[in-house]
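Number of protein chains: 2
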Amino acid sequence: MSRIAVLDSTLRDGAQGEGISFSVTDKLNIVRALDELGVDLIEAGNPGSNPKDLDFFREASALELRHATLAAFGSTRRRDIACEDDEGLRSLLGASTPVVVIFGKSWDLHVKQVLKVSLDENLAMIRDTVAFLKAAGRRVIYDAEHFFDGYAADGEYAFASLRAAASAGAECLVLCDTNGGSLPERVGELTARALKEFGLPVGIHAHNDSGLAVANSLTAVRAGATHVQGTLVGFGERCGNANLSTLAANISFKMGRDCLQPDSLPKLSRITRLVAEIANVNFDESMPYLGLKAFAHKAGMHVDAVLKVTQSFEHVSPESVGNSRRILASEVGGRSVVLERMKRIDPSATKESPVVAQVVKRLKEMERLGYQFEGADASLELLMRKAAGKYKPFFELGHYRILGEQPTEGKLSSQALVKIRVEGEESISGAEGDGPVHALDVALRKALEKFYPSLGAMRLTDFKVRVLDSHDASAATVRVLIESTDGDSAWTTVGVSTDIIEASWIALVDSIEYKLIGDIERRYKPYL
Amino acid sequence: MSRIAVLDSTLRDGAQGEGISFSVTDKLNIVRALDELGVDLIEAGNPGSNPKDLDFFREASALELRHATLAAFGSTRRRDIACEDDEGLRSLLGASTPVVVIFGKSWDLHVKQVLKVSLDENLAMIRDTVAFLKAAGRRVIYDAEHFFDGYAADGEYAFASLRAAASAGAECLVLCDTNGGSLPERVGELTARALKEFGLPVGIHAHNDSGLAVANSLTAVRAGATHVQGTLVGFGERCGNANLSTLAANISFKMGRDCLQPDSLPKLSRITRLVAEIANVNFDESMPYLGLKAFAHKAGMHVDAVLKVTQSFEHVSPESVGNSRRILASEVGGRSVVLERMKRIDPSATKESPVVAQVVKRLKEMERLGYQFEGADASLELLMRKAAGKYKPFFELGHYRILGEQPTEGKLSSQALVKIRVEGEESISGAEGDGPVHALDVALRKALEKFYPSLGAMRLTDFKVRVLDSHDASAATVRVLIESTDGDSAWTTVGVSTDIIEASWIALVDSIEYKLIGDIERRYKPYL
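In order, the protein sequence lines correspond to chains X and Y. Position 338 (the first sequence) corresponds to 338 in our numbering; numbering is contiguous. Position 260 (the second sequence) corresponds to 1260 in our numbering; numbering is contiguous.
If you are wondering where the hints come from, they were derived from the structure by calculation, not from laboratory data. Careful: at least some of the hints might be erroneous.
As the list claims (entries may be wrong) - Under 8 Å between C-beta atoms, here's a sample of chain X residues computed to sit facing chain Y:
#, residue
1, 157
2, 183
3, 237
4, 316
5, 401
6, 402
7, 403
8, 404
9, 413
10, 451
C-beta: ideal position from N, C-alpha, C; glycine also.
Could you build the full structure based on these sequences and the hints that come with them?
Put into structure tokens, the structure is as follows:
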């Protein structure tokens, strides 16, 4: 049976979701991540409706992608105009992608009441647009917007709209459940009919307004569809698009069909989380296959049974999607993960080493405070070193003070004063910054540089703030993640406090210590 | 066609979800809420495995329920023991519910490797238990745990386990997809077969590990099942149970079948949120039908179309489930969104009013700076008032100063000093706080309260920080969202700056001004 092609629309339909907005850098990073996962097509924006997207496409064309092909998305030409005079189509060509996805209307209600053109003109708009893009050398995928609602209203017209696209050279006809209100039965029936009628590959684009986006997509695949659209994390208009991570796992494990690349599924957890992280959206920990809860066992009987036979309460193995099992009620949870990392610091560690138990306990305490080490490997390593006695502080804090004021009239708004001690010698320094964290960062490194000149090469590259359990308003707990680099490598650290300055300070100090430990290891191997 | 009975298991399977734990009062409140919604059966706990549940059942029996019947949940008797000697069964009877739900094993793997009894003894355990409870005057619903996995391993045995329950007097056979790994095809096929073979009502209990719990339940209904189990908000082991709110809406609207009560669906939003609130769990705003995002329109074309014909991008009306439409203001949205809101401030505004064009332009400028007004209705309204000349400042900032130092045992880490002027009169005040934003918030409101005493009733309820384009690290642009309430209503404001203190300040000031405008409007209608 033929493989199932996967089109990810995180950067287009996903960006239409509430609370989602991507910078050009975010978009490039998401393209890289999706390519690493092994997605076939990346629908990366609508250059006609969003001029910023053109900048992105210009930069994206320079990326070297291993698997994925970039696609630009746009609508059929406007009414009563030639394609070559249509601004939207010109922008689409300007994006210079090998593939263009064009959406057109299949529902007479939209044609008459929204577009306000005649039914025939709409068919001509579809035909002309597809033919125009084909003539310009593009591969064209046709999205039949509202196909299922259109079919319910006027089935013949809905199929006529598909015919217009097929006859003009579309390579794939995608049936869209744009409003997300369709049931699987209807989706299966019409997929089969479209396949039979046009002999072209048929795709499915489902929304989740009835909680059925994944089910409708699977039903279409069962009926012969070979192209599925969605967004990796499920972002999208209203309740979102079909969650591609769930869909790809189901297609592979439950239907035994090929999709993505042979090595994709074990990367699914990591890359889906990465995309959510770039979007700065909290990950849904109940997400099928990938959430922290997906293989978490709480009820006593379930825990007992899973410890006897894992499949007793697990439909697939957590490792198959890069996730892991969590036993909520017991201390066994996490130990093997900790051991695996501990071995990098102390190769003699075993599951029975007291230090492993100690780290597991410490991690649980920290997690209760709001720490999360998943994205903060450097802080996790420091925590383990401290437990293993493989750590000594590089400096001692005397104190820091922050001064902020407003209005500033062009001046930087914050000053920081930091006093530290290194082996008995004091160093005090002051700095200005744009905000208190910035000032603190500059002052701390100024105070340390005379002892540790290698810090001169280090800089912060990313800074993320998440408010936890935010219902205490401005006194809520804050988690800060800091990403740093020294040119050779990059690392991430974490700090938690009710005070955002302190949370940032904790992460800053970890970052600097991690850098210094790395420097020493490179120079004096026997340090450990 | 017969109605679909709904069993809610929030208090049993839901309570097995990570992070969920209910007090007796919580449980009683949830029973009341589910009864108000019109649920048929409330599976309220497992008195055998959780002794606290017996207290609850004692209190619950005093509730006067209009629609719902309480059910206790438990397992078949233990091996090699008479039912009357089984502690679990004695607790079940002690709960004194009219209905008892009994689960038993259908999967030979569980019988052999988890229970470690013979296949025949397991059948006897099912038969004996059902018969014992029937003899004690209970209505018995039988949950066939792991029915679909059991069928895949040994189909005859899985059906033999159903036969044991049916022959002993169970009134309904519930097929459970306990691990959540089944596809709809299989669920439909086996539901039909069970119906045919036993001539008893058949039910479905689905988990969401493959994202298919709702779809599997609908497929079972299509195949003849007349009893559906789930949890109203979707709580449950791992990825949760079938979300009953989605399921009930689909059964009613999409399949045209009766379930719940005739007046239930418009209460669905309110009661589902109430249950999430009692569980102290954040509501999933992407939830089908009920999330804030479910009828939120962002992309310009969608907004235009919805304002012309609502069904163009809505599969049902938001009011039908007690939800409402939201038109999001965003760079992808356009003039019609602005107009719709502008009309609330100035009813004479039209698409051609210069003020509308001006607001659209201003919005685009602000969005380029990193503002996002989607979630910040109050700031958007202030921006519009300023453009429309329907605004005057309530105070003038002299200056603020912030002093922070690393937190020391028990003391607050920040102090703020705020000086403002109201109609020429100065007010200065100082305050301490847990972090600089907290201190600033307290100091500002202290300075203003003597002029505007109604601010005493106002407080911040939520505080969100997002770092934008965070690749400049600690000098990155920060967007702060603040949610406030005065008891009567809640509103959200936004501030953006490279300095987190300033961003918070902007959002704080908007929040206070919005509150004061609201107060004036309530008192002096002609203010505008």
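Given residue 403/X as an interface hint, is its Cβ closer than 8 Å to any Cβ of chain Y?
With a minimum Cβ separation of about 6 Å from chain Y (threshold 8 Å), the hint on residue 403/X holds.
The hint names residue 451/X as touching chain Y; please verify it with the least Cβ-Cβ distance against 8 Å.
violated, 20 Å
Satisfaction of the residue 157/X interface hint, Cβ to chain Y closer than 8 Å
Hint on residue 157/X: violated, closest Cβ of chain Y at ~16 Å, above 8 Å.
With chain Y as the partner, please determine if residue 402/X meets the hint condition of a C-beta pair closer than 8 Å.
Hint holds; residue 402/X Cβ to chain Y Cβ min 4 Å, cut 8 Å.
Given residue 401/X as an interface hint, is its Cβ closer than 8 Å to any Cβ of chain Y?
holds, 5 Å
Does residue 413/X pass the interface check with chain Y, least Cβ-Cβ distance below 8 Å?
At about 5 Å, which falls below the 8 Å cut-off, the nearest Cβ of chain Y leaves the hint on residue 413/X intact, so it holds.
Close enough to count: is the Cβ of residue 183/X nearer than 8 Å to one in chain Y?
holds, 6 Å
Is the interface hint satisfied for residue 237/X? The criterion is a beta-carbon contact with chain Y at less than 8 Å.
holds, 7 Å
Is the interface hint for residue 316/X satisfied, with its Cβ closer than 8 Å to some Cβ of chain Y?
holds, 7 Å
Status of the hint placing residue 404/X at chain Y (closest C-beta pair under 8 Å):
Holds, about 4 Å.
Of the numbered hints listed earlier, those contradicted by the structure are 1, 10.
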